[in-house]
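J.: One letter stands for each residue in the lines below.
Protein chains: 2
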Amino acid sequence: MATTDNLEPLEKLADMFRKLGGIGKKTAEKYAHSILNLSEEDAYEFARAIVEAKTEIKRCSVCCNITTDEECRICSDDERDKSVICVVEDPRAVDAIEKTRQFRGTYHVLHGVISPMKGITPDKLTIKELLERLNSSEIKEVILATNPTVEGEATAMYIARLISPLGIKVSRIANGVPVGGDLEYADEVTLRRAIEGRYTVS
Amino acid sequence: MATTDNLEPLEKLADMFRKLGGIGKKTAEKYAHSILNLSEEDAYEFARAIVEAKTEIKRCSVCCNITTDEECRICSDDERDKSVICVVEDPRAVDAIEKTRQFRGTYHVLHGVISPMKGITPDKLTIKELLERLNSSEIKEVILATNPTVEGEATAMYIARLISPLGIKVSRIANGVPVGGDLEYADEVTLRRAIEGRYTVS
Numbered sequence: 241m242a243t244t245d246n247l248e249p250l251e252k253l254a255d256m257f258r259k260l261g262g263i264g265k266k267t268a269e270k271y272a273h274s275i276l277n278l279s280e281e282d283a284y285e286f287a288r289a290i291v292e293a294k295t296e297i298k299r300c301s302v303c304c305n306i307t308t309d310e311e312c313r314i315c316s317d318d319e320r321d322k323s324v325i326c327v328v329e330d331p332r333a334v335d336a337i338e339k340t341r342q343f344r345g346t347y348h349v350l351h352g353v354i355s356p357m358k359g360i361t362p363d364k365l366t367i368k369e370l371l372e373r374l375n376s377s378e379i380k381e382v383i384l385a386t387n388p389t390v391e392g393e394a395t396a397m398y399i400a401r402l403i404s405p406l407g408i409k410v411s412r413i414a415n416g417v418p419v420g421g422d423l424e425y426a427d428e429v430t431l432r433r434a435i436e437g438r439y440t441v442s
Numbered sequence: 241m242a243t244t245d246n247l248e249p250l251e252k253l254a255d256m257f258r259k260l261g262g263i264g265k266k267t268a269e270k271y272a273h274s275i276l277n278l279s280e281e282d283a284y285e286f287a288r289a290i291v292e293a294k295t296e297i298k299r300c301s302v303c304c305n306i307t308t309d310e311e312c313r314i315c316s317d318d319e320r321d322k323s324v325i326c327v328v329e330d331p332r333a334v335d336a337i338e339k340t341r342q343f344r345g346t347y348h349v350l351h352g353v354i355s356p357m358k359g360i361t362p363d364k365l366t367i368k369e370l371l372e373r374l375n376s377s378e379i380k381e382v383i384l385a386t387n388p389t390v391e392g393e394a395t396a397m398y399i400a401r402l403i404s405p406l407g408i409k410v411s412r413i414a415n416g417v418p419v420g421g422d423l424e425y426a427d428e429v430t431l432r433r434a435i436e437g438r439y440t441v442s
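Chains as they are written, first to last, in my numbering: chain A, 241 to 442; chain B, 241 to 442.
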């Protein structure tokens, strides 16, 4: 029994919300309805904001972090130590570590973690770009700062094994970060201790 | 200290997500980042879906439910009892009640509840349209089916007081619906009992 009209545009919109990940059916429907309750102006602005963000924000040609330029602010900063690379899962982890004001090296943003269950294989991440970076410039240390989750640990170990033959020091941030949590939600002191207490992997 | 580039488009997008209501700062940022991780095609499709939903979906000229036509499927159905109006908060409540196959009357969708805290005054809802409907056609009963929350109850009582002088029977769905919950999440049997057990308000 059709309860209401052909509301395909609404269903389509809910489907798009589900693509953002971690959003269930009911929540997606709620968000789609919320769009209808926006003013016409706000709805158009929302659509425009999506296109603009997607168009204007690119990946840094060096570290793959998000940027509006060819190179991000950190990679183009002469005062940063280019011989140390901190590998993180996403741009929000960069922001979190930057807030500690502890780390003066550069980053490499993987844009995810290896997760066979979700179909995320190593080639979907920026691991290839990281290896190219290690081969083409003088790198002294790679700090693996993926989240202390099962997938984050596995990704760190996977990358450590790849780098090991290159003779570059590889370290992993200490478990000062609460296990099972997300780097983004860690407080600054905990993150600072995690960077200080990093141990050599290979 | 600026940690990354001028990422205004991303902040703007996060702000738009927050306008959907019930989305905090961190979650809005997560969603904005998720947009960046969509394929270009999906991002454009998302933007288009917002504009299409907003453009194609209107409010029924009779009951204010969402529809792609002038009148929704229920209001334009000759087999529905036009003398009984079930007043609900939103279109999803209409869907929930329709699924019980118990109710053969029509609806009136308020598109919210009175909430002075959130700046939602009675004039922001479709109460005026409801009163016009009661004045212009033969209505025997108005069933108030707003959610059994503090705001839903207050809105029901507000509408009951407005209708009382018109000499129309006003009822409220029974508290079979779990108090504090949301109509949309009630199971069909509970909703059916709630409609059966409705009591006269005035």
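Source of the hints: derived by calculation from the structure; they are not laboratory data.
None of these values were measured; they are calculated from a predicted model.
For each residue, glycine too, the CB sits at the ideal point set by N, CA and C.
Please note that the accuracy of each hint is not assured.
[Said to hold, decoys possible] If you want a taste of the chain A side facing chain B, the calculated C-beta under 8 Å gives, among others:
| # | residue |
| --- | --- |
| 1 | 272 |
| 2 | 290 |
| 3 | 297 |
| 4 | 301 |
| 5 | 373 |
| 6 | 376 |
[Unchecked claim] Below, in silico cross-link-like pairs of lysine-lysine (DSS-like), each with a Cα-Cα straight-line distance of 25 Å or less:
| # | chain 1 | residue 1 | chain 2 | residue 2 |
| --- | --- | --- | --- | --- |
| 7 | B | 252 | A | 259 |
| 8 | A | 266 | B | 270 |
| 9 | B | 266 | A | 266 |
| 10 | B | 259 | A | 259 |
| 11 | A | 358 | A | 409 |
| 12 | A | 270 | B | 409 |
| 13 | B | 259 | B | 322 |
| 14 | A | 265 | B | 322 |
[As the list claims (entries may be wrong)] Going by beta-carbon spacing under 7 Å, a handful of chain B positions derived as facing chain A:
| # | residue |
| --- | --- |
| 15 | 256 |
| 16 | 264 |
| 17 | 268 |
| 18 | 281 |
| 19 | 290 |
| 20 | 292 |
| 21 | 293 |
| 22 | 390 |
| 23 | 391 |
| 24 | 398 |
| 25 | 402 |
J.: Each hint should be assessed against the structure and marked as holding or not.
T.: Taking the hints in turn, this is what the structure says about them:
1. 272: 7 Å, holds
2. 290: This hint holds: residue 290 of chain A lies near chain B, its Cβ roughly 4 Å from the closest one there, short of 8 Å.
3. 297: Holds. Min distance 6 Å.
4. 301: 13 Å, violated
5. 373: With Cβ-Cβ at 19 Å, over 8 Å, it is violated.
6. 376: 23 Å, violated
7. B:252 x A:259: 20 Å, holds
8. A:266 x B:270: 19 Å, holds
9. B:266 x A:266: 20 Å, holds
10. B:259 x A:259: 19 Å, holds
11. A:358 x A:409: Given that 25 Å is the threshold and the Cα spacing comes to 31 Å, the pair is violated.
12. A:270 x B:409: Given pair residue 270 of chain A, residue 409 of chain B is violated - Cα atoms ~32 Å apart, limit 25 Å.
13. B:259 x B:322: 36 Å, violated
14. A:265 x B:322: 32 Å, violated
15. 256: At 4 Å from the nearest chain A Cβ, residue 256 of chain B passes the 7 Å test, so the hint holds.
16. 264: With Cβ-Cβ at 12 Å, over 7 Å, it is violated.
17. 268: 11 Å, violated
18. 281: 10 Å, violated
19. 290: This interface hint holds because 4 Å falls under the 7 Å limit.
20. 292: 5 Å, holds
21. 293: Hint holds; residue 293 of chain B Cβ to chain A Cβ min 4 Å, cut 7 Å.
22. 390: It is violated, given that the least Cβ distance between residue 390 of chain B and chain A is near 20 Å, above 7 Å.
23. 391: 16 Å, violated
24. 398: 20 Å, violated
25. 402: With a closest approach of 23 Å, the residue 402 of chain B hint is violated.
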